[in-house]
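Enquirer: Given these sequences and hints, build the entire structure.
The primary structure of each chain is shown beneath.
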Amino acid sequence: MRHPTGAGLASLALLMTVGSPALAASPEFRVSGFGTVGVVQIDQPGIEFRQTGQTSGAGESASFKPDSRLGVQLDGSFNPVFSATVQVLAKHSGEGDDKPRVEWAFAKAKLGGGFTLRAGRIGAPFFVVSDFREVGYANTWLRTPSDVYGQVFLRTVDGADLLYAGDVAGLPVTAQLIAGGTTAAFSRTDIDFKKQIGVNLTAELSDGMTLRLGQIGGKLTVQNASMRQLAAVLRTTPFASVGDQIECTDRKASFSGVGLSVERGNWVGSTEYTERTSACYVPDTAGWHVMGGYRFGSFTPYLMLSELRLTDSNVVNNIPRNVNATLTTLALTVDGLLDSVATRQATKAVGVRWDAYRNIAVKAQYERVDTKGGYGLFGNVGGPRPTKPVQVLSLAVDFIF
Amino acid sequence: MHIRHMLAAASLAFAGAASAQDMVVIGHPSAAALSKDQVSDLFLGKSQSFTPLDLNDSSPLYAAFYRKATGREVAQVKSTWSRVVFTGKGQPPKQLADAAAVKKAVAADPKAVGYIEKSALDGSVKVVLALE
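Sequence order for the protein chains is U and B. At position 172 of the first sequence (counting the first as 1) the number is 172 in the working numbering, and the numbers step up by one without a gap. Each number in the working numbering corresponds to the 1-based position in the second sequence with 401 added.
What the hints contain is simulated information worked out from the structure, not anything from laboratory work. These figures come from a predicted structure and were not determined experimentally. Misleading hints may appear alongside valid ones.
Under 7 Å between C-beta atoms, here's a sample of chain U residues computed to sit facing chain B [unchecked claim]: (1) 32; (2) 33; (3) 85; (4) 131; (5) 132; (6) 133; (7) 135; (8) 137; (9) 355; (10) 358; (11) 359; (12) 400.
Below, simulated DSS-like cross-link-like pairs (lysine-lysine); rule was C-alpha separation at most 25 Å, straight line [stated by the list, open to error]: (13) U:110 - B:504; (14) B:527 - B:437; (15) B:447 - B:490; (16) B:527 - B:490; (17) U:110 - B:490; (18) B:504 - B:437; (19) B:437 - B:490; (20) U:110 - B:495; (21) U:110 - B:512; (22) B:504 - B:519; (23) B:527 - B:504; (24) U:194 - U:219.
Ideal placement from N, C-alpha and C gives every residue a C-beta, glycine not left out.
Expert: See below:
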């Protein structure tokens with residue numbers, strides 16, 4: 001992030017200005033927190049298990065990097081109308097460090113009639129589990145399934161949203177309209193997702209069963225120098241169209257999803273289907289997951305299946321490979337770029353959550369990840385492409401306070 | 402005879418245990434009755450129409466109340482509230498020390514709803530739902 005706390009400070013200033021007239025009404029503050037201490041180990045050399053957006057992860061020796069994190073949230077309520085929330089999260093990041101960053105910082109106004117307006121840095125509603133995806137304790141699974149949640153590594157929007165909560169045709173529903181932009185960094189590449197407009201709808205169909213529909217669209221810019229250089233070179237050749245298809249500055253991109261989550265008696269489950277599209281070299285993908293678990297006292301074993309598919313590379317590489325060395329090199333460079341962003345994989349996971357104490361959950365999860373001939377979402381640190389499913393073993397302790 | 406005495410003693414003991422668990426959901430003297438669903442929604446953060454008040458989460462009454470009113474175990478309740486808190490949508494009920502503190506808070510606020518053991522009930526508050 002070029003200005004990691006810019007939006008945070010702006011909304012802090014905003015909440016101070018909206019808060020000050022109400023200070024007489026005795027503001028109330030509450031501090032809450034969550035965290036995970038987790039280790040992950042895999043069984044194959046030269047690759048690393050990472051959560052999308054992280055620059056390093058776990059290999060054949062166990063690592064705390066992928067899952068360990070700590071979040072602290074401050075909620076301030078100034079009067080029945082105005083409140084504000086700041087959440088700071090420390091997690092192994094796309095910049096290779098574990099520094100705490102402002103995850104959320106927004107001011108909120110209850111407008112009446114079930115409407116709420118928020119402004120500042122807000123959680124981006126891309127998924128069924130968006131806001132509390134980092135709160136391990138709030139979820140049955142050890143972590144969100146990478147095959148779905150790994151498609152987008154932006155978690156927040158700097159902007160505003162309008163929320164509605166009420167009953168429609170006897171069903172409790174929520175509706176959210178959101179607008180704003182995000183900048184995030186991966187290694188030294190900045191990724192901007194600007195001019196976002198999104199809608200997120202949920203309906204509680206029956207007790208404990210919630211349906212969710214959502215879509216966010218915007219303009220994507222990937223500040224990747226080698227990609228831009230390649231596009232520029234291609235534009236000087238007869239294959240300029242290939243360069244145009246690769247180039248990723250202010251290109252349309254969207255993320256859509258439908259999901260269902262169930263919590264009924266001792267059963268817990270969720271499923272979602274999501275699609276990512278773009279008009280540049282970032283490929284179109286589809287990701288889905290199905291998870292089910294059953295609570296036996298304080299133990300909840302669960303099973304999960306998920307898959308990340310590549311639906312369109314968005315680039316037709318029609319550069320001939322046997323005319324001359326220059327064209328062959330260009331064709332192979334384009335192939336290499338597309339291959340680096342082509343992430344396909346399918347995962348079978350089994351795990352258990354143990355509610356060890358009233359605010360502590362202990363989890364274990366075992367996964368077999370078929371990377372479909374490539375590296376999938378694993379980081380390549382000089383190892384061969386896996387030829388058999390990668391086994392991933394994870395242990396985590398989640399807590400809230 | 403002997404066995405009959407033992408059975409009688411045992412059933413008295415069970416009755417005693419049961420009545421210790423008998424609790425009531427209380428509101429302001431001006432409050433209307435609430436249904437179990439309304440109480441459940443209130444204490445799980447789904448409804449903001451009243452201000453719920455908790456007992457300390459280490460008290461046995463806390464676990465018994467949530468089991469009876471919402472059908473959920475303490476860990477599920479904590480997990481549900483963590484979803485509400487960490488979406489910035491609300492805060493769990495304030496925890497008060499004992500029945501006397503709950504009665505005092507409920508008697509003072511027409512919007513407050515709490516729960517206490519039935520034996521601690523007095524005229525300062527009104528039963529809005531009985532849980533047996």
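Enquirer: The structure should be examined with respect to each hint, and the outcome stated for every one.
Expert: Tested hints:
Taken as an interface hint, residue 32 (chain U) checks out: its beta carbon lies about 5 Å from the nearest beta carbon of chain B, inside 7 Å. The beta carbon of residue 33 (chain U) is not positioned within 7 Å of any beta carbon in chain B (closest approach about 9 Å), and the interface hint is therefore violated. Taken as an interface hint, residue 85 (chain U) checks out: its beta carbon lies about 4 Å from the nearest beta carbon of chain B, inside 7 Å. With its C-beta approaching chain B no nearer than about 4 Å, residue 131 (chain U) sits inside the 7 Å limit, and its interface hint holds.
With 7 Å as the threshold, the beta carbon of residue 132 (chain U) comes within range of chain B, its nearest partner Cβ sitting at about 5 Å, so the hint holds. A hinted interface residue such as residue 133 (chain U) counts as satisfied when its beta carbon comes closer than 7 Å to some beta carbon of chain B; here the least separation is about 10 Å, so the hint is violated. A least Cβ separation of about 5 Å between residue 135 (chain U) and chain B falls short of the 7 Å threshold, and the interface hint therefore holds. Taken as an interface hint, residue 137 (chain U) checks out: its beta carbon lies about 5 Å from the nearest beta carbon of chain B, inside 7 Å.
About 4 Å separates the beta-carbon of residue 355 (chain U) from the nearest beta-carbon of chain B, less than 7 Å, and the hint is met. Residue-level restraint check for residue 358 (chain U) holds (minimum Cβ-Cβ distance to chain B is 5 Å; threshold 7 Å). Contact between residue 359 (chain U) and chain B, as hinted, is supported at the beta carbon level, the nearest pair being about 6 Å apart and thus within 7 Å. Here the hint on residue 400 (chain U) is kept, as its CB sits about 5 Å from the closest CB of chain B, short of 7 Å.
Distance check on the hinted pair: residue 110 (chain U) and residue 504 (chain B) sit about 30 Å apart at the alpha-carbon level, beyond 25 Å; violated. For the hint pairing residue 527 (chain B) with residue 437 (chain B), the CA-to-CA distance comes to about 16 Å; that is within 25 Å, so the pair holds. With a CA separation close to 10 Å, the supplied pair residue 447 (chain B) and residue 490 (chain B) stays within the 25 Å bound. A hinted pair counts as satisfied when its Cα atoms are at most 25 Å apart, and residue 527 (chain B) with residue 490 (chain B) does not qualify at roughly 29 Å.
The straight-line distance between the Cα atoms of residue 110 (chain U) and residue 490 (chain B) is roughly 11 Å, inside the 25 Å bound, and the hint therefore holds. Among the hinted pairs, residue 504 (chain B) with residue 437 (chain B) is consistent with the structure: their alpha-carbon atoms are about 20 Å apart, no more than 25 Å. Among the hinted pairs, residue 437 (chain B) with residue 490 (chain B) is consistent with the structure: their alpha-carbon atoms are about 23 Å apart, no more than 25 Å. The straight-line distance between the Cα atoms of residue 110 (chain U) and residue 495 (chain B) is roughly 21 Å, inside the 25 Å bound, and the hint therefore holds.
Restraint check for residue 110 (chain U) and residue 512 (chain B): satisfied, since their Cα atoms lie roughly 18 Å apart, inside the 25 Å limit. A threshold of 25 Å between alpha carbons decides the hint, and for residue 504 (chain B) with residue 519 (chain B) the separation of about 12 Å falls inside it, so the pair holds. This hinted pair checks out: residue 527 (chain B) and residue 504 (chain B) have alpha carbons roughly 10 Å apart, not beyond 25 Å. Proposed proximity of residue 194 (chain U) and residue 219 (chain U) is supported: the alpha carbons are some 5 Å apart, at most 25 Å.
Comparing the model with each numbered hint stated earlier shows that hints 2, 6, 13, 16 do not hold.
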